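With chain A fixed as given, assemble chain B onto it according to the hints.
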Amino acid sequence: MTGAVAAINCTNCGAGLEVLGGGRVTTQVCGYCGAALDSNNNYRVLKVYANMERPPTPFRLGMVGEVEGVPFTIIGILGQVERYEGKTWRWVDHMLYSPTHGYAWITLEDGHTVLTRKTRDWPSGSFLTAAAVERAESRPTRNWRGKTYTYYATSTWTTEFAEGEFNWRARVGETGTSVSTMPKGLASDKLTFVQRPEGERELEVSRYFPEAAQVFGAEPPLPSGVHPLQPYVPSPSKGFYKRWFGGLTLVAGAAMLFFFTAGDSRVVLHRGLAAEVPPEFTFDVSDTTRPVRIQLRHGLSQAWAEWAVEVQDPTGAPLAETMRGISYYSGGSGDESWSEGSRFADVTFRPTTAGTYRLKLDMAASATPAQAQQTLDVTVREGLTNGLWMAIVAACFALAFLAVSSSHLMHRARRWSGSDWSEDDD
Amino acid sequence: MGRVIMMAVTLGMLGAAGYASWFGLGTLSRDTGAAAVAAARTTGRVGATSVRSGSIGNRSSGTFRVK
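From first to last, the protein sequence lines stand for chains A and B. Take the first sequence: its position 254, counted from the start at 1, is 254 in this note's numbering, and no numbers get skipped. Take the second sequence: its position 40, counted from the start at 1, is 40 in this note's numbering, and no numbers get skipped.
If we strip away everything but chain A, and leave its shape as in the complex, we get (with noise of 0.2 Å):
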């Protein structure tokens, strides 16, 4: 047959079907009626599959494309399904035969296309079984051709379309059971665990195939989201991006610190005890671009006060009459201790004029003794700058450095990120 094309008509539908696969092929499935026809038995009808809905798929019968060298042509189409406490997957797989090389598949999935070849070669240990997994108290493993395997998913799928010729008796309803095992490291290829209702078992090997399309002739699917199977390719402007968040994040850090610190010349106004606070203090603005802050420390202990604060500009508006509370409350018991409040309280205010500015301080006048003998700290402190704001970018510039940088990693989480082995079973 190598090097010529034959052709049936349907025994059912009388189409005309081209007869593409080699001598292994036991079944025919007529595109056009859904009849399943006996290859090795004058192609009579086994069974009529009829309104089987197409899935999507840029490839089709006879499509001829080069894979590692040798000409592979498409001669089989199956649409699988798996359902799964609500979800549902789907996914077309192709299958390819060469006159020289014989059987394997492109599967399609989320517009992602790998390329699937049984291996005789089989793994050291036993056959992994979904009853073995469930049996598992940790990810089971298998050794194969020098690298580990580690447990991936479990998937219980069913044919729902068949369109083409198989090597064996392709039935639509058909289910399955696969159980997917990857290396932990760099995406390579994937090895699988397939085990028929009929006890057949086979052991298939994966790898991400994303220029099938092309090398069939095929529009190109459009993927989404990561494949298990997806090697991470890093971006072009990985490099560019890298270096840029990171030296944002460098100038908005440094910056960050500056607007901390900056213009921190503090005036003290009285240093004492609260009960000598004079009654009125003035203190001298020049910078009316930026807030002035007044700062109150008292040095309470297991007490509060509260402090009036008056604040006037040079012309004798009022730009505060407002109230301040400190309470400090502290204890402890053996090596536990704790603390309340603090000690601190400010008014901050945007001066109005360049000049002279008056504050007055009142505490209660009936104040207790113990309260009024703590020592009180009166600052101003004029040019205030706001750090938090640059703080916040610098965080922002250092995620996107971060995510940049560790895209690789993220790659591989999205990779395995469809496991089915949870947590718990860890």
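Think of the hints as simulated: they come from the structure by calculation, not from any bench. Don't take every hint at face value.
Facing chain B, from chain A, some residues (calculated, C-beta under 8 Å) [as the list claims (entries may be wrong)]: (1) L250; (2) A252; (3) T289; (4) R290; (5) E321; (6) L384; (7) G387; (8) I392.
A few chain B residues that face chain A, going by a derived Cβ cut-off under 7 Å, partial list only [stated by the list, open to error]: (9) S21; (10) W22; (11) T27; (12) S29.
With a cut-off of at most 25 Å between alpha-carbon atoms, the simulated SDA-like pairs for lysine to any residue come out as follows [said to hold, decoys possible]: (13) A:K238 <-> B:L11; (14) A:K242 <-> B:T10; (15) A:K242 <-> B:V4.
Everything numeric in this text was worked out from a predicted model, so none of it was measured. Note that the Cβ used here is the ideal one computed from N, Cα and C, for glycine as well.
Relative to the frame of chain A, chain B by itself:
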């Protein structure tokens, strides 16, 4: 093009953060300014004669002098 837009956006973020940090945005006390003083005087909730002090336990007691 995308790279240029990203550079412009991030530099804009850096510039905006620099402006906000330099001019101390977000540091003003909400009860300062002429409007806040006028509002406080209207409600009478705060003022120079509204003073409290106190402590806990047996060490001392407090005094309240509120408008």
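Quick rundown of the hints versus the structure:
Annotation: L250 of chain A was flagged as interfacial toward chain B, and the flag is violated, the nearest CB pair being 12 Å apart, outside 8 Å. A least Cβ separation of about 6 Å between A252 of chain A and chain B falls short of the 8 Å threshold, and the interface hint therefore holds. This hint holds: T289 of chain A has a C-beta 6 Å from the nearest C-beta of chain B, less than the 8 Å allowed. Because the beta carbon of R290 of chain A sits about 5 Å from the nearest beta carbon in chain B, less than 8 Å, this interface hint is met.
This hint holds: E321 of chain A has a C-beta 5 Å from the nearest C-beta of chain B, less than the 8 Å allowed. With its C-beta approaching chain B no nearer than about 4 Å, L384 of chain A sits inside the 8 Å limit, and its interface hint holds. The interface hint given for G387 of chain A is met, as the beta carbon of that residue sits about 6 Å from the closest beta carbon of chain B, less than 8 Å. For the restraint placing I392 of chain A at the interface with chain B, the shortest Cβ-Cβ distance is roughly 7 Å, inside the 8 Å limit, so the hint holds.
A hinted interface residue such as S21 of chain B counts as satisfied when its beta carbon comes closer than 7 Å to some beta carbon of chain A; here the least separation is about 4 Å, so the hint holds. Contact between W22 of chain B and chain A, as hinted, is supported at the beta carbon level, the nearest pair being about 6 Å apart and thus within 7 Å. At a threshold of 7 Å, the smallest CB-CB gap from T27 of chain B to chain A is about 5 Å, leaving the interface hint in force. A least Cβ separation of about 5 Å between S29 of chain B and chain A falls short of the 7 Å threshold, and the interface hint therefore holds.
As the CA atoms of K238 of chain A and L11 of chain B are separated by approximately 18 Å, the hinted pair is consistent with the 25 Å bound. The hinted pair formed by K242 of chain A and T10 of chain B meets the criterion: a straight-line CA distance of about 13 Å does not exceed 25 Å. The suggested pairing of K242 of chain A with V4 of chain B holds, with an alpha-carbon distance near 15 Å, which does not exceed 25 Å.
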